[in-house]
Structures are given as structure tokens and as C-alpha cells.
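Enquirer: Residue strings, one per chain:
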Amino acid sequence: MTSTTPVTVTDIESFLRQNEEKELLRFSTAGSVDDGKSTLIGRLLYDSKGVYEDQLASVRKVSVNQTSGPLDFALLTDGLRAEREQGITIDVAYRYFSTPKRKFIIADTPGHEQYTRNMATGASTANLAIILVDARHGVLPQSRRHAFIAALLGIQHMVVAVNKMDLVDFSEEVFENIRQEFDGFVAQFQVPDLHFIPISALHGDNVVEKSDRMPWFTGESLLHYLETVHIASDRNLTEMRFPVQYVIRPNLDFRGYGGQVASGVIRPGDTVMVLPSGRTTRVKAIATYDGNLSRAFPPMSVTVTLEDEIDISRGDMLVHPTHAPHVAKQLDARMVWMSHTPLDPGRPYLVKHTTQVVRAGVRAIRYKVNVNTLEKEPATRLELNEIGAVVIETHRPLFFDPYKRNRATGSFILIDPISNETVGAGMITGREPREAQLKSTLLDGLTFENSRVSPPERASRYGHHAATIWLEGNPELAFVVERKLFDRGCLVHVLADEKDAFILAELAKISNAAGMITICSVRPEDAAERERASRLVGADQFLEVDAASLSGNLDRAAEEICSLLEKRGVLAGEGDFAQGGGI
Amino acid sequence: MLEAESIHILREVVAEFQRPVMLYSIGKDSSVMVRLAQKAFYPGKIPFPLLHIDTTYKFREMIEFRDRFTAEIGARLIVHTNWKAIEEGANPFRLGTSKCCGLLKTRSLLDALAEGGYDAAFGGARRDEEKSRAKERIYSFRDSFGQWDPKNQRPELWNLFNARVDKGESIRVFPLSNWTELDVWQYIYLENIPIVPLYFAKERDMVVRGNTLIPVEQDIPLLPGERTEKVMCRMRSLGCSPCTGAIRSEADTVPKIIEEMMLFRRSERENRVIDHDQEGSMELKKREGYF
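Protein chains in written order, with the numbering used here: chain V, 491 to 1073; chain F, 5 to 295.
Among these hints, one or two may not hold up.
[As the list claims (entries may be wrong)] Restricting the straight-line Cα-Cα distance to at most 25 angstroms, the calculated cross-link-like pairs of lysine-lysine (PhoX-like) are:
1) V/K591 to F/K260
2) V/K593 to F/K43
3) V/K774 to F/K49
In case anyone wonders, no lab produced these hints; they're calculated from the structure.
Work out the full structure: start from the sequences and follow the hints.
Expert: See below:
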């Protein structure tokens, strides 16, 4: 790109091939109003020869009326009229440049206090964040906020660029003080990779070339760091998630599922489970305009065809059954509020998560975070630019992972269905909050303790103890086991729920209280309900069975379950029950 | 990676909107956008029509290319022209470029979108083209008058696009937002995408006016002393013939164009007269509804 000698056509071809393979680094920049952020970006663009001559010419024309020196780099990036008048950046602007090593997309986000939402927007797609600190002023509340938001949005690499070093005589002491203060602050939250570089954006020190005016600084220049920081391993390649975006059905012979691989690797022949149905099938092909592929990984947009005709629509998700995501209607999330209308827990919202849009409500605001002190404060609502922890409840289950593990399946936006505004950005921290887990709906007001028939008496009458068998991943087996136990004279029944395992545990508890053996047939993606069910029913009469660990032969698998029940004492030998006692 | 992102956007819009349409300008960015749409819905056909706003001042070669190309790929083409304005005498020589664009492009586009009842329109604009575009969202919301409010844009996080619009409102969608000019040319080369021959250098009849080469295509009024001459040249971007300057060039293949581009380092819009009418002119046009 930077060569000024004529290049031959064959050179161009190799250049294009090389250029196509270049890695793309997206970074966000944040700084306070006068930190010189726009100047830094202008410098990066200018010095990397990314600024076209006539755009430069138009900057020269405009800056005649300003007082800011020979060439105002900030004017390169401050696009909108209003901004030019106010002299500050007020929205996210995207900038592009490339060097022989990498391509870059900059999300230039405003530093002004009221624009936290833009900062979060810019950070949401970034691999790296540059936090600008003015060497004269040290670490300001804004700098802390920028670092916190970048960390909140899961940015793995952070560079603190201590700018205007020329105005503090390139003092090592000033730089070190800022480094220590910032280090102390950032230690409170996780930033896997944190760097500090002293620069002068205006004069170009340590921006592209290493400066000889700060010999005490042994690190590399900012651009060098941007070109070399390792980002390839930031992707999640272990847990395959393929949200179905669009069903492609041009004729009766072709039914493909279009989508972008969110994480993991998908290959033809893979066994995949479809959420929410829980049906499993195999990948037939990964079809694209350019031919079939042997694998697909993030962020590829592909079309998957499957071996079996299964009813799949937009919003469903293909996963590997061995690595299923959480499936739940209630979840805990961090939320950045982006609307002038505060978050109102009484109000209906829409959640957009992967390719699903579902009705949702905010069940509770646990706390809000004071971004200056990082302290948690009680809150009944969230105002514009506030960050809090909330409990979201959706009308249909979401298939998700914690944001820390998976940015694509851990993120969502909240939409106001009346104004259509995007009001909040959510990062899922976990599933189903503890209070909600313990809260029972069916069991409210029911008591089992006052019965004059004791559990041992029931066991003695029926010839077995009460128990709940939690059977994952094989509804057919559940009914074979039921038949077998019934034939042995047991009081037994199967509870199978195609939609939601939430209620099964409660029904099982009631049946168990009546002395019965209850087989809960659940889909693997409802595995997360297991812990709650076990607690509710009582661990002593709860038996979990993973169908995958049993014989593939149904009859033999059922025998294996029966012998497990014998081992646990549920079906102990005759006469044992006269004395009563637990399993 | 850029390709994957664009395909994701194209599919997302088709899945969530009732009546999408693709603005087809016949230029190289449109060619790329159409190829991406072919890829996104393969092996199906492109599930929305292509809309061309014809000012009647387009180059003849553009129109020929348009008709041949869209027929070849089996796309549905809709051509819309503001005949009323043309009958009333709208032309760039009489009205000046600013007013002419307003009537024949912006007004015509808004009319076409309203007539078709389209709730989403794809455009090939890139953020690296011009300063005000750097801040435009990928989903750019328009009110029921087709207006853009840069101060009140929806935040756009991750790849989660908010597709909610009320009746009469619409969005403009820019699947190529994150592409640079080099990315576009590279893609055209590697994917072997057909483009209008005007992009390639050849001897053409031109009026030389200052540093600008104006193609002799419509009845362009000549200034005293001007005459047409044969010039080896090509177009860097395609608009209406009276407002699109050519550049002197020998580049008659895509690699040569890329080479030229890298050496020239002049923004491709330099020769589009309309961006220079007023400081911040593109932003003004966009607020009014221009792409």
C-alpha cells in the first residue's frame, strides 16, 4: 500500500492474494473530550497513508476558520455538521485503514459523559480498545468509565495510550504514575491483556514510529502493537452454535438453513441437535454458492442441509448435543440502558437474541453500578447511560451461553414495542437466578407433612419407595422403563414435556408424595433444570440417568435402570419395606 | 469476513421485513451487492426486486449493461423515472446539479419506494466514501417522509439489528458499510464480477474543462472555445453523464485499475461533481432522503 514505485500487474495479483488473507482487527477508541482522540485517529490514518489526497484537501479548506494549528486531524473524523460546530464527536464513526500486515476498522466513540451508549455500541464489535488519557490530567472518571465499559462488553485487549506526553516534557514519572493508578483500578474487573504506551498524537511520537524523545520507554509503538496483538484465539471454536436465520427453500428438492456460525466448527456428518425441539439429525452438507464446504466456523455465513426432514424455522438453533447451551426463560444479565425513557420493570419489552425476537419483561433490577466507583447501588429503575444487573423473563425459552464464554449467544438487545427504540444492551451472566429457582408455582400452599399416612407405610403397601427418575435424551426409553416397572407391580408413571421441563419437577414432587415412581423424560437441553429438580424432590429420592450412558438397546437400557433402582434401594427385596426407611 | 457480514445482513433483512428492495445503481458497488445477494440465497434466486432510479441522464453503456446483467442472473428489475419533473424541464444544465439531483434522484427514489410499499431498501453505500457516511448505521431508519435524522439514530450493537418499523416508515440498509474501495475492487477481481465497461480505459470523446473530463453523451452545452476530443480515459465512479467526470487512464483491466487506485490515492468521489456543491453536501442530501 505504501509503495510509490509503479507496481507491475503480477505484483498486484500477489498483493491482492496477500491482502485477502490479512487479518482484520476491529478496535474502539474512547477518550474524554480533549484527550486528542480524533487527532490520534487522524494521525493513524494519515501516517498509514490511508487518507486520500482530496479528503485532506477538504480538511485544509475547512480548517482555515479554526485556531488549532497547521493541520487539524480531528476534522478528518468529525463528520457531521453539528459536531463540526460544537467541536466534539457525538456519535460512533467508523474508520478504515490498512497496513501491509493487517486491516483495521476503528469505531471512534465519543468521550462525553452523556454518550455512554455510543461507547458500548462501538465496543460491542471490537477486539481491542484504546483508552486515551491526557498525561496532564491523569486518570479521570471518564477514563475509568471507558475501561469499565470496554471490559463489560468483553473486550480482551486494552491499550491505555497516555497522550500529550510532549506537554509534560516526556516525563517517565508522569507516565508511571498514570500506569499505576490505572492498573489499580482495572484490577477490579477482568482485562486479560492490558498495555500502556506513552504517545503524542499531535507530533506522532510512538504512534506509528517509535519516538526517540522517550528513550525510557522500551515498548513498541501503538501501530506496531495493533499490527501484532494476537486475536485469533479470542474466538470460541469449541461450542458449536448455529442460529437459523433464514430457511432457503427454492424448490421441493432443497431445504437449507441459512445462518452465520456463531461459535464452534460445523462439519458434514456431524450429529446436531435442533433447539428447541431437541430432535437430533446429521449435517448432510454445507452448501454455498462457491460449492460445498468441508467445515464452517465463525464468522462464516453458510447454508446447512440436514439428513432428516425436521420442522425448523428462523430462531431455532443447531448445536452439538454434547455441548448444549442453556435453555431457559429466565436469565440474569448486565444491562446498559440506552434510552431517555428509564427502564421500567412493569413494562413489556422485546428481546432480540441471536435470530429470535421474543416478548419479555424485566422481573427485577438487582442493582446498578456506579461506573466511577464500581460500587453496587440499589435501584428501582435504570436511567439513560446507567449500567445495572437485571433479571429478564422471556415468553419463549432462549438458547444462550454466558457472554464471557460466547459473545454471540450471550448478547441481546431490548426493544420498546411501542416506540420501536433500541432501549438496552444486555450481556447474559447466567441462567435462572437462585430465588426464582427455589420459587415454586404449583406447590404454593400445598403441604405434605400433615398426612396421617407416612411414606414408609406407603412404601410397604406398594412394594417400593417413591422416587423420581430424571431421564435425559430418550423419551422412548422412559415408556419402556414404565412398562417394566408396572409389570413388576410398581405404581409408576411417565411425565414428558415437549416444551418446558420447568413444571416437571413440581409434578414429580406431588406424585412422589403420593408414593409413586415418577419418570421425568426431559430433553438434553433442559439438563439445566436438573439441579433445581433434585433440590425440589429431595436428593435422596432423585435418580438422574443420562440415556447416552446406557446400552443402545432399549430393553437392556431399561434393565440397567431397574438395577440402578435396586441398587439405590427403591426396589429392594420383598419384605424390606415392612421396616420402612429411606432409599 | 466482510462477505460473511454482508450476507448476514441481507438474510436478516429478508427474514424480518415484508417488502425489501435493492437499490441498483449499475455501479461497481451495486454489482458486488448483487453478487452477495446471489450468495446469500443460493441455490434460490434473489428474493427481492432490484430498483433502478433512472434519471435519463445515465450513460447508454450503463443501461445496456443493466438490462443484460439483470436478465442473465434472473433478477426482477424495476426502473423508475420522475417523468413529471423531466417533462417540466428538469435537467442539470438548467437547474444546477443540486436541484436536479433533488428532483431526479432523491424525489424519484422516495416516490418509487412509496409506490412499491417497500419497507426496507438496500443501498451500496460504504462508510469509507465520505465523512457523513462514516456515522451512518447499517440499518438506517427513515421516518414516513424518508428523512434521516443523524442525531437520533438507533444504537447498533453486535450483529443484532432492530428491524421494528411502524407502517409507512422504512429503513435503508447498507450491507457494504464496512467495505473499503480496495475491498470492493479486490472482490470484483477475485470473484470475477461483471462491471460496466465504462470503468475500463479506452479512447472516448470528451470535453476537457479545466481538470475535468466531461463525457459527450447528452446534449451538453459547450462553453465558448470548447470542443470534443478523443481521450484515453475511464470513469472512477458512475453517475449521470453530465455530472460524472472521467480521468485520464490506461487501466483497462481490474488489476490495472487497482494499481492505478493505489498510486493515485484520490478519493473516488472526487470526480462526482455533486459532493462539492456545498460543504457537508452529502449530509444535506442524505437528510433529505438521498442514498
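Enquirer: A separate judgement is required for each hint: does it hold in the structure or not?
Expert: A quick look at each hint next to the structure:
no.	hint	result
1	V/K591 to F/K260	holds, 22 angstroms
2	V/K593 to F/K43	holds, 24 angstroms
3	V/K774 to F/K49	holds, 22 angstroms
Hint check: no violations occur; every hint is consistent with the structure.
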